[in-house]
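Taking this note's numbering, the leading residue of the sequence shown gets 74, the next gets one more, and so forth.
FYI, nobody ran anything at the bench for these hints, they're computed from the structure.
One or more hints might be untrue.
[Unchecked claim] Now the in silico label distances, taken between C-beta atoms and shown as ranges:
(1) Glu-495 x Gln-562: 27 to 35 Å
(2) Asp-485 x Tyr-422: 47 to 55 Å
(3) Pro-350 x Glu-151: 23 to 31 Å
(4) Gln-236 x Phe-162: 38 to 46 Å
(5) Asp-317 x Phe-162: 19 to 27 Å
(6) Phe-105 x Ile-616: 39 to 47 Å
(7) Asn-502 x Gln-236: 50 to 58 Å
(8) Lys-309 x Glu-348: 16 to 24 Å
(9) His-374 x Ile-307: 19 to 27 Å
(10) Pro-288 x Pro-350: 40 to 48 Å
(11) Asn-366 x Lys-391: 28 to 36 Å
(12) Phe-162 x Gln-285: 29 to 37 Å
(13) Gly-376 x Glu-151: 24 to 32 Å
The beta-carbon is built from N, C-alpha and C at its ideal position, and this holds for glycine as well.
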Amino acid sequence: MCGICGISWDDQNLIRLMGEACKHRGPEQEGFYVDENFSLCCERLKIIDLSEKAKQPLHNEDETIWVILNGEIYNFREIKQQLDNNHKFYTNSDTEVILHAYEEFGEDCLDKLNGMFAFAIYDSVKKKILIARDRIGVKPLYYHFEDGKLTFASEIKSILQNQEIPREINNEALCQFLVYAYTIDNQTMFNGIKELPPGHKLVYSCADKKMQITPYWNLDFKENNFDEKENLEILKKILTKAIDERQISDAPIGALLSGGLDSSLMVGILSKLSEKPLKTFTTGFGHDLDEFNEARLVAEHCGTEHREIMLNYSDLIKTMPKILWHMEFPFGRPSILSNFMVAKEIKKYVTVSYTGEGSDELFGGYNRYLTYASKEKKIPLVEKIRSIPSGFFQDKGTIENFFSKNTSRFFDNQNNPLKAFEKVVKPSNASLLNKVLFFEIKTEIPGAQTWRIDRTGSAHAVELREPFLDYRLVEFGLSIPANLKINHQNHPIKKYILQKLASEFLPEEIVKRKKFPWGIPFFDFFKNEFIPVAKTLIEKSIIEKRSYLNIDMEHLENLFTKINENMIEGSKNVEINDKILRQIMFLFNLELWFQIFIENDNLKNPNLSLDKFI
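Work out the full structure: start from the sequences and follow the hints.
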């Protein structure tokens, strides 16, 4: 985990400001390289090779090529063996391996790298820079390009240190957020700032001041013809390898253990691979959905060094501006709050932690996937995919009731769920379930899941590793036939093949356990802490006449009246509450986001007291 940034000109003051803005990602070591063509910075979190020699940017033998890396290259030792005869290494880091692989193979070095990464290589001889992002998009990389000048960074707040870049809201991205709860097409909430797509490279020429973005990897799939046993054997082999490779670390390492199938299977495999007892962590809030008992059962079975951590959300509202500053995007999912609190706690014990993210999207773990696995053919495709969006204002009518035409007009473009689906998913004979999973891996995984994990972890200088998002596992997972993901023999069994694999490592009561949502007790948090503050701040957005809004005080009052009516003890309408509360959280965070990122002059170290914004 690091923060990297760069600009295509010599400006030592600006590159220092950009580095300071993302210093939380790597507070342990700071390094720069500046010449007349490029300025580079790395804020490093030490994980592989903790020595001072591994300080980034790293250089080749004659100091003509320089590299900065955010992330890890899991197969760097294997690549290093291929390069040892032709190159002299002065560190034991994975970063230096990228450097010499580039010398040896050019841009084709990307084909050899397995990891989660965003890196930049500056070649002073060829006068060009190569920037690349990992295949699944686990690590972020943003850029701004105008008038031949390139600015890039791990986080947007670093890019916005360049005062020449206007801070303007991107209404199309806002529309996407309303529909999906994330952006698609690599947009951000800021006009002119884009995200480098997963599996892509950016090449910038210092001579002609032009850049080109091209894919170096394309995710595609065709359902295989293997039987259940063969699929199970291949899955076990790939998943085990993915988990094993992610053990590389010279810093303390552990694993988040919820007690659910995904994290439990991950810990079950990892405990057999690890040479010493694995550190595991379970967190909860002291409510009925806490998973301490289930996790304890797995920990005892696997012989882990286990800790149970009780989280307290009573003061969470005061932390909301700080969380939003780290996230850089408005959000309505309370899981982000939970993840932020978890990362803060586990940092006391480890720097690196495994997490089971991505398994549900790859193997069909959510209830909504049952629709896509159904053999009912009478339901039109447009109706079947209606539940793909996970936003809080999903239809055009709802968007128009809350937001201005500047935003709602974008719904009819490719942001319409059916149009977006048809654009991403090519026609094929694959099952609808696998088509939907492919769509979500291409959009929601980089747009919401990896973004959430990266930002909540980096806020506390914690690196979270996601073996279920290993690109080889994703490729194979998508090829597994739908009936092995959601099996309909007697009744629908979600993640069927994963359950079969887990039975080799875990007690039956964990394998067959019903999936429960994890996170903050949403209803209680809103009722006791959030509602009064949220109402005050959203009222401010109406008073200030934000250009993106189409909501008045009466509309807002009606919204909170519905909430209050459903908060009467004994008459909680879960469906209504969930929808409205998430809408309120998003409107609240949108106003906070606007004040922090559009109106605020100091993004490096803003005043994050909630009182300032109300």
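### Query
Checking against the hints above, which ones are violated?
Those not satisfied: there are none.
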